[in-house]
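Adding 180 to a residue's 1-based position in the sequence shown gives its number in my numbering.
One should not assume that every hint holds.
Distance ranges between label pairs, derived from CB positions [said to hold, decoys possible]:
{"id": "1", "residue 1": "Leu299", "residue 2": "Ala382", "range": "34 to 44 angstroms"}
{"id": "2", "residue 1": "Pro332", "residue 2": "Thr472", "range": "55 to 65 angstroms"}
{"id": "3", "residue 1": "Trp441", "residue 2": "Gly507", "range": "13 to 23 angstroms"}
No lab work stands behind these hints, which were simulated from the structure alone.
Idealized CB from N, CA, C, for every residue including glycine.
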Amino acid sequence: MNPSTPTRLLWPDVAKGVCILLVVLHHVTTKHYAPLVADGLGPVEHLWVGLSSALKPVRMPLFFLVSGFFAAGVVHRDWTDVRARVLRLAYVYVVWLVLLWGVFTLEVTLPTNRTQGWLELILDVLYASTGLWFLYALALYTALATVLRQRPVLVVVVAAAVSLLSSFLPLEETNRVSVLFHFTFFALGAYAPHVVRRVAQAGLSLRALVAAYACLSLLLVPLDPPRSIELVLLSVVGLPAGITAAVELSRIARVAEPLAWLGRRTLPVYVLHMVVIAVVQHSGVVLGEGRTAASFALTVGYPVLVTALVVTVCLVGHTLAVRHGLGFLFALPGAAPTAPERRAERPSRAMLTAPGRGSFTGL
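Just need the whole structure built from these sequences, with the hints factored in.
Structure follows, in C-alpha coordinates:
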(Lines of atoms letter the chains of each structure in order from A; the text may use other names.)
(Lines give C-alpha, C1' and ligand atoms only; values in the text may rest on other atoms or scores of the structure.)
Protein backbone atom coordinates (compact mmCIF):
# COMPACT_ATOMS: atom_id res chain seq x y z
CA MET A 181 0.00 0.00 0.00
CA ASN A 182 1.22 3.48 -0.84
CA PRO A 183 2.20 5.26 2.43
CA SER A 184 0.31 8.34 1.25
CA THR A 185 -2.95 6.39 0.96
CA PRO A 186 -5.28 7.03 3.93
CA THR A 187 -5.63 3.91 6.07
CA ARG A 188 -9.14 2.68 6.69
CA LEU A 189 -10.37 3.33 10.21
CA LEU A 190 -11.15 0.26 12.26
CA TRP A 191 -13.86 1.51 14.61
CA PRO A 192 -16.50 2.22 11.89
CA ASP A 193 -16.20 -1.37 10.67
CA VAL A 194 -16.48 -2.55 14.28
CA ALA A 195 -19.60 -0.40 14.65
CA LYS A 196 -21.11 -1.92 11.51
CA GLY A 197 -20.32 -5.41 12.77
CA VAL A 198 -22.06 -4.70 16.06
CA CYS A 199 -25.03 -3.10 14.26
CA ILE A 200 -25.65 -6.07 11.99
CA LEU A 201 -25.48 -8.40 15.01
CA LEU A 202 -28.05 -6.21 16.76
CA VAL A 203 -30.28 -6.23 13.67
CA VAL A 204 -30.25 -10.04 13.57
CA LEU A 205 -30.73 -10.25 17.35
CA HIS A 206 -33.69 -7.89 17.09
CA HIS A 207 -35.39 -10.00 14.45
CA VAL A 208 -34.61 -13.26 16.25
CA THR A 209 -36.01 -11.86 19.48
CA THR A 210 -39.15 -10.14 18.20
CA LYS A 211 -40.14 -12.41 15.32
CA HIS A 212 -39.03 -15.87 16.41
CA TYR A 213 -38.14 -16.12 20.10
CA ALA A 214 -41.13 -14.70 21.96
CA PRO A 215 -43.73 -17.33 20.91
CA LEU A 216 -41.37 -20.18 21.88
CA VAL A 217 -41.07 -19.28 25.56
CA ALA A 218 -43.18 -21.47 27.84
CA ASP A 219 -45.57 -19.98 30.37
CA GLY A 220 -43.83 -18.95 33.55
CA LEU A 221 -40.69 -17.64 31.87
CA GLY A 222 -42.32 -14.52 30.50
CA PRO A 223 -39.91 -12.20 32.38
CA VAL A 224 -37.00 -13.66 30.40
CA GLU A 225 -38.82 -12.99 27.15
CA HIS A 226 -39.73 -9.46 28.29
CA LEU A 227 -36.09 -8.80 29.16
CA TRP A 228 -34.89 -9.67 25.67
CA VAL A 229 -37.70 -7.81 23.89
CA GLY A 230 -37.19 -4.81 26.18
CA LEU A 231 -33.45 -4.78 25.48
CA SER A 232 -34.07 -4.87 21.75
CA SER A 233 -36.55 -2.01 22.04
CA ALA A 234 -34.13 0.01 24.20
CA LEU A 235 -31.44 -0.25 21.52
CA LYS A 236 -33.68 0.98 18.69
CA PRO A 237 -32.46 4.62 18.91
CA VAL A 238 -28.88 3.36 18.47
CA ARG A 239 -29.07 0.29 16.22
CA MET A 240 -30.14 1.72 12.84
CA PRO A 241 -29.16 5.39 13.44
CA LEU A 242 -25.57 4.28 14.10
CA PHE A 243 -25.66 1.97 11.06
CA PHE A 244 -26.74 4.87 8.85
CA LEU A 245 -24.34 7.35 10.45
CA VAL A 246 -21.40 5.06 9.70
CA SER A 247 -22.74 4.34 6.20
CA GLY A 248 -22.90 8.08 5.58
CA PHE A 249 -19.41 8.48 7.06
CA PHE A 250 -18.06 5.98 4.53
CA ALA A 251 -20.02 7.70 1.74
CA ALA A 252 -18.66 11.17 2.61
CA GLY A 253 -16.20 11.10 -0.27
CA VAL A 254 -18.64 9.47 -2.67
CA VAL A 255 -21.36 12.12 -2.44
CA HIS A 256 -18.86 14.81 -3.41
CA ARG A 257 -17.51 12.98 -6.44
CA ASP A 258 -18.50 13.14 -10.07
CA TRP A 259 -21.99 11.86 -10.84
CA THR A 260 -20.53 8.89 -12.72
CA ASP A 261 -19.19 7.40 -9.47
CA VAL A 262 -22.33 8.24 -7.54
CA ARG A 263 -24.60 6.78 -10.19
CA ALA A 264 -22.58 3.55 -10.19
CA ARG A 265 -22.94 3.21 -6.42
CA VAL A 266 -26.67 3.93 -6.47
CA LEU A 267 -27.18 1.48 -9.33
CA ARG A 268 -25.35 -1.28 -7.45
CA LEU A 269 -27.46 -0.74 -4.35
CA ALA A 270 -30.69 -0.57 -6.34
CA TYR A 271 -29.79 -3.73 -8.28
CA VAL A 272 -29.24 -5.80 -5.15
CA TYR A 273 -32.39 -4.38 -3.58
CA VAL A 274 -34.57 -5.39 -6.53
CA VAL A 275 -32.96 -8.84 -6.85
CA TRP A 276 -33.60 -9.69 -3.21
CA LEU A 277 -37.02 -8.04 -3.19
CA VAL A 278 -38.08 -10.52 -5.87
CA LEU A 279 -36.33 -13.48 -4.22
CA LEU A 280 -37.82 -12.82 -0.79
CA TRP A 281 -41.20 -12.20 -2.40
CA GLY A 282 -41.03 -15.80 -3.57
CA VAL A 283 -39.69 -17.17 -0.27
CA PHE A 284 -42.24 -15.47 1.95
CA THR A 285 -45.11 -16.27 -0.36
CA LEU A 286 -44.39 -19.93 0.49
CA GLU A 287 -43.29 -19.46 4.12
CA VAL A 288 -46.18 -17.83 5.96
CA THR A 289 -45.50 -18.48 9.66
CA LEU A 290 -42.74 -15.96 10.36
CA PRO A 291 -44.21 -12.55 11.29
CA THR A 292 -42.55 -10.29 8.73
CA ASN A 293 -43.64 -7.76 6.11
CA ARG A 294 -44.54 -9.65 2.95
CA THR A 295 -44.89 -8.44 -0.60
CA GLN A 296 -48.18 -9.89 -1.85
CA GLY A 297 -48.99 -9.74 -5.53
CA TRP A 298 -47.54 -7.84 -8.47
CA LEU A 299 -48.97 -4.49 -7.44
CA GLU A 300 -47.29 -4.58 -4.03
CA LEU A 301 -44.05 -5.70 -5.69
CA ILE A 302 -44.11 -2.66 -7.98
CA LEU A 303 -44.97 -0.37 -5.05
CA ASP A 304 -42.07 -1.82 -3.06
CA VAL A 305 -39.70 -1.03 -5.91
CA LEU A 306 -40.86 2.58 -5.67
CA TYR A 307 -41.09 2.84 -1.85
CA ALA A 308 -39.77 0.05 0.34
CA SER A 309 -41.99 -1.55 2.97
CA THR A 310 -40.24 -4.89 3.55
CA GLY A 311 -37.24 -5.78 5.68
CA LEU A 312 -35.00 -4.80 2.76
CA TRP A 313 -35.75 -1.12 3.34
CA PHE A 314 -32.17 -0.45 4.50
CA LEU A 315 -30.81 -1.20 1.01
CA TYR A 316 -33.48 0.96 -0.60
CA ALA A 317 -32.70 3.78 1.84
CA LEU A 318 -28.95 3.63 1.19
CA ALA A 319 -29.50 4.03 -2.56
CA LEU A 320 -31.99 6.86 -2.05
CA TYR A 321 -29.89 8.63 0.60
CA THR A 322 -26.73 8.50 -1.54
CA ALA A 323 -28.57 10.10 -4.46
CA LEU A 324 -30.26 12.70 -2.26
CA ALA A 325 -27.06 13.62 -0.42
CA THR A 326 -25.34 14.12 -3.75
CA VAL A 327 -28.10 16.23 -5.30
CA LEU A 328 -28.36 18.42 -2.19
CA ARG A 329 -24.66 18.64 -1.31
CA GLN A 330 -24.48 22.41 -1.90
CA ARG A 331 -26.72 23.07 1.14
CA PRO A 332 -25.57 20.55 3.76
CA VAL A 333 -26.69 22.47 6.86
CA LEU A 334 -30.15 23.14 5.45
CA VAL A 335 -30.46 19.49 4.40
CA VAL A 336 -29.62 18.22 7.87
CA VAL A 337 -32.03 20.67 9.53
CA VAL A 338 -34.90 19.73 7.20
CA ALA A 339 -34.08 16.01 7.53
CA ALA A 340 -34.11 16.32 11.33
CA ALA A 341 -37.53 18.00 11.16
CA VAL A 342 -38.82 15.14 9.00
CA SER A 343 -37.39 12.64 11.50
CA LEU A 344 -39.09 14.38 14.40
CA LEU A 345 -42.45 14.53 12.62
CA SER A 346 -42.42 11.13 10.93
CA SER A 347 -44.71 9.57 13.54
CA PHE A 348 -47.45 12.00 12.53
CA LEU A 349 -47.52 10.88 8.91
CA PRO A 350 -50.38 8.66 7.72
CA LEU A 351 -48.17 5.69 6.83
CA GLU A 352 -49.19 2.20 7.92
CA GLU A 353 -45.87 0.48 7.16
CA THR A 354 -43.27 1.14 9.86
CA ASN A 355 -40.46 0.43 7.38
CA ARG A 356 -41.70 3.22 5.12
CA VAL A 357 -41.63 5.55 8.11
CA SER A 358 -38.08 4.34 8.79
CA VAL A 359 -37.00 5.36 5.29
CA LEU A 360 -38.09 8.92 6.07
CA PHE A 361 -36.79 8.88 9.63
CA HIS A 362 -33.17 7.80 9.11
CA PHE A 363 -31.92 10.17 6.40
CA THR A 364 -30.82 12.60 9.13
CA PHE A 365 -28.17 10.18 10.38
CA PHE A 366 -26.82 9.31 6.93
CA ALA A 367 -26.64 13.02 6.07
CA LEU A 368 -24.75 13.77 9.29
CA GLY A 369 -22.17 11.13 8.46
CA ALA A 370 -21.87 12.18 4.82
CA TYR A 371 -21.75 15.95 5.34
CA ALA A 372 -19.96 16.13 8.70
CA PRO A 373 -17.46 13.25 8.88
CA HIS A 374 -15.13 15.58 10.79
CA VAL A 375 -17.72 15.81 13.58
CA VAL A 376 -18.01 12.03 13.70
CA ARG A 377 -14.21 11.74 13.91
CA ARG A 378 -14.08 14.29 16.72
CA VAL A 379 -16.63 12.34 18.74
CA ALA A 380 -14.61 9.16 18.15
CA GLN A 381 -11.39 10.88 19.24
CA ALA A 382 -12.89 12.76 22.20
CA GLY A 383 -12.31 10.01 24.75
CA LEU A 384 -15.84 10.28 26.13
CA SER A 385 -16.81 8.15 29.11
CA LEU A 386 -18.89 5.22 27.91
CA ARG A 387 -20.25 4.64 31.40
CA ALA A 388 -21.43 8.23 31.67
CA LEU A 389 -23.06 8.08 28.24
CA VAL A 390 -24.85 4.82 29.03
CA ALA A 391 -26.03 6.25 32.35
CA ALA A 392 -27.26 9.40 30.61
CA TYR A 393 -29.04 7.28 27.99
CA ALA A 394 -30.76 5.21 30.68
CA CYS A 395 -31.79 8.30 32.64
CA LEU A 396 -33.18 10.00 29.56
CA SER A 397 -35.10 6.84 28.66
CA LEU A 398 -36.67 6.75 32.12
CA LEU A 399 -37.43 10.47 32.03
CA LEU A 400 -39.31 10.09 28.74
CA VAL A 401 -41.55 7.27 29.99
CA PRO A 402 -44.03 9.47 31.93
CA LEU A 403 -43.86 12.19 29.26
CA ASP A 404 -44.82 9.64 26.57
CA PRO A 405 -43.77 11.74 23.56
CA PRO A 406 -44.56 10.59 20.00
CA ARG A 407 -42.27 7.74 19.04
CA SER A 408 -40.29 9.66 16.42
CA ILE A 409 -39.53 12.48 18.86
CA GLU A 410 -38.49 9.97 21.52
CA LEU A 411 -36.14 8.21 19.10
CA VAL A 412 -34.48 11.44 17.98
CA LEU A 413 -33.95 12.61 21.55
CA LEU A 414 -32.47 9.28 22.61
CA SER A 415 -30.24 9.12 19.54
CA VAL A 416 -28.61 12.41 20.59
CA VAL A 417 -27.07 10.47 23.48
CA GLY A 418 -27.18 7.03 21.90
CA LEU A 419 -25.02 7.85 18.87
CA PRO A 420 -22.04 9.19 20.88
CA ALA A 421 -22.43 6.15 23.13
CA GLY A 422 -22.41 3.82 20.13
CA ILE A 423 -19.39 5.52 18.57
CA THR A 424 -17.50 5.46 21.86
CA ALA A 425 -18.33 1.78 22.41
CA ALA A 426 -17.06 0.96 18.90
CA VAL A 427 -13.83 2.88 19.54
CA GLU A 428 -13.25 1.03 22.81
CA LEU A 429 -13.97 -2.33 21.20
CA SER A 430 -11.57 -1.48 18.36
CA ARG A 431 -8.75 -1.35 20.89
CA ILE A 432 -9.29 -4.97 21.92
CA ALA A 433 -7.72 -6.94 19.07
CA ARG A 434 -9.38 -10.30 19.78
CA VAL A 435 -12.78 -8.60 19.67
CA ALA A 436 -12.13 -5.89 17.08
CA GLU A 437 -10.78 -8.07 14.28
CA PRO A 438 -13.80 -10.42 13.99
CA LEU A 439 -16.28 -7.57 14.43
CA ALA A 440 -14.54 -5.44 11.78
CA TRP A 441 -14.34 -8.48 9.47
CA LEU A 442 -18.09 -8.93 9.89
CA GLY A 443 -18.64 -5.19 9.47
CA ARG A 444 -17.15 -5.41 5.98
CA ARG A 445 -19.54 -8.25 5.11
CA THR A 446 -22.90 -6.99 6.31
CA LEU A 447 -24.68 -7.29 2.97
CA PRO A 448 -25.04 -11.10 2.80
CA VAL A 449 -26.13 -11.19 6.44
CA TYR A 450 -28.68 -8.46 5.87
CA VAL A 451 -30.34 -10.01 2.82
CA LEU A 452 -30.20 -13.65 3.98
CA HIS A 453 -30.87 -13.57 7.71
CA MET A 454 -34.68 -13.52 7.56
CA VAL A 455 -34.64 -16.61 5.34
CA VAL A 456 -32.44 -18.45 7.82
CA ILE A 457 -34.65 -17.35 10.73
CA ALA A 458 -37.65 -18.67 8.79
CA VAL A 459 -35.95 -22.07 8.52
CA VAL A 460 -35.15 -22.08 12.25
CA GLN A 461 -38.80 -21.17 12.85
CA HIS A 462 -39.74 -24.69 11.72
CA SER A 463 -37.33 -26.47 14.08
CA GLY A 464 -40.10 -27.22 16.60
CA VAL A 465 -38.14 -25.88 19.57
CA VAL A 466 -40.10 -25.07 22.76
CA LEU A 467 -38.20 -23.21 25.47
CA GLY A 468 -38.52 -23.58 29.22
CA GLU A 469 -40.28 -26.94 29.39
CA GLY A 470 -39.55 -29.02 32.46
CA ARG A 471 -38.38 -26.05 34.52
CA THR A 472 -34.86 -27.53 34.73
CA ALA A 473 -31.68 -25.52 35.09
CA ALA A 474 -30.69 -26.54 31.56
CA SER A 475 -34.01 -25.45 30.05
CA PHE A 476 -33.81 -22.13 31.90
CA ALA A 477 -30.25 -21.55 30.68
CA LEU A 478 -31.30 -22.38 27.12
CA THR A 479 -34.21 -19.94 27.35
CA VAL A 480 -31.94 -17.16 28.58
CA GLY A 481 -29.21 -17.77 26.00
CA TYR A 482 -31.36 -18.79 23.04
CA PRO A 483 -31.47 -15.40 21.25
CA VAL A 484 -27.67 -15.12 21.33
CA LEU A 485 -27.17 -18.72 20.18
CA VAL A 486 -29.62 -18.37 17.29
CA THR A 487 -28.15 -15.00 16.29
CA ALA A 488 -24.68 -16.57 16.09
CA LEU A 489 -26.09 -19.50 14.11
CA VAL A 490 -27.98 -17.26 11.68
CA VAL A 491 -24.99 -14.98 11.01
CA THR A 492 -22.71 -17.98 10.47
CA VAL A 493 -25.12 -19.64 8.05
CA CYS A 494 -25.52 -16.37 6.11
CA LEU A 495 -21.76 -15.92 5.72
CA VAL A 496 -21.18 -19.55 4.74
CA GLY A 497 -24.13 -19.40 2.35
CA HIS A 498 -22.71 -16.28 0.71
CA THR A 499 -19.29 -17.89 0.30
CA LEU A 500 -20.78 -21.01 -1.28
CA ALA A 501 -23.06 -18.96 -3.53
CA VAL A 502 -20.17 -16.89 -4.87
CA ARG A 503 -18.02 -20.00 -5.30
CA HIS A 504 -20.73 -21.65 -7.39
CA GLY A 505 -21.35 -18.75 -9.72
CA LEU A 506 -24.15 -16.97 -7.84
CA GLY A 507 -22.20 -13.84 -6.99
CA PHE A 508 -24.59 -11.86 -9.19
CA LEU A 509 -27.13 -12.16 -6.36
CA PHE A 510 -24.95 -9.93 -4.17
CA ALA A 511 -23.31 -7.53 -6.64
CA LEU A 512 -24.13 -6.02 -9.99
CA PRO A 513 -22.29 -8.11 -12.62
CA GLY A 514 -19.34 -6.28 -14.09
CA ALA A 515 -19.38 -3.54 -11.44
CA ALA A 516 -15.84 -3.83 -10.09
CA PRO A 517 -14.89 -1.73 -7.05
CA THR A 518 -12.86 1.38 -7.70
CA ALA A 519 -9.23 1.60 -6.68
CA PRO A 520 -9.98 3.44 -3.42
CA GLU A 521 -12.55 0.77 -2.55
CA ARG A 522 -10.09 -2.07 -3.16
CA ARG A 523 -7.49 -0.40 -0.97
CA ALA A 524 -10.04 0.10 1.79
CA GLU A 525 -10.72 -3.60 2.06
CA ARG A 526 -7.48 -3.94 4.01
CA PRO A 527 -8.27 -2.69 7.54
CA SER A 528 -5.92 -1.23 10.09
CA ARG A 529 -5.94 -0.73 13.83
CA ALA A 530 -4.72 2.82 13.32
CA MET A 531 -7.14 5.54 14.34
CA LEU A 532 -6.31 7.93 11.52
CA THR A 533 -8.32 10.84 10.26
CA ALA A 534 -9.67 9.78 6.87
CA PRO A 535 -12.75 7.61 6.43
CA GLY A 536 -12.32 4.52 4.26
CA ARG A 537 -14.13 3.78 1.04
CA GLY A 538 -16.01 0.59 1.86
CA SER A 539 -16.46 -2.22 -0.62
CA PHE A 540 -20.04 -2.78 -1.65
CA THR A 541 -20.17 -6.23 -0.10
CA GLY A 542 -19.89 -4.50 3.27
CA LEU A 543 -22.61 -1.94 2.43
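For each hint, the structure was consulted:
As the Cβ distance of Leu299 to Ala382 is approximately 50 angstroms, the hint placing it in 34 to 44 angstroms is violated. Checked against the given bound of 55 to 65 angstroms, the beta carbons of Pro332 and Thr472, roughly 58 angstroms apart, stay inside it. In this structure the supplied range 13 to 23 angstroms holds for Trp441 paired with Gly507, their Cβ-Cβ distance being about 19 angstroms.
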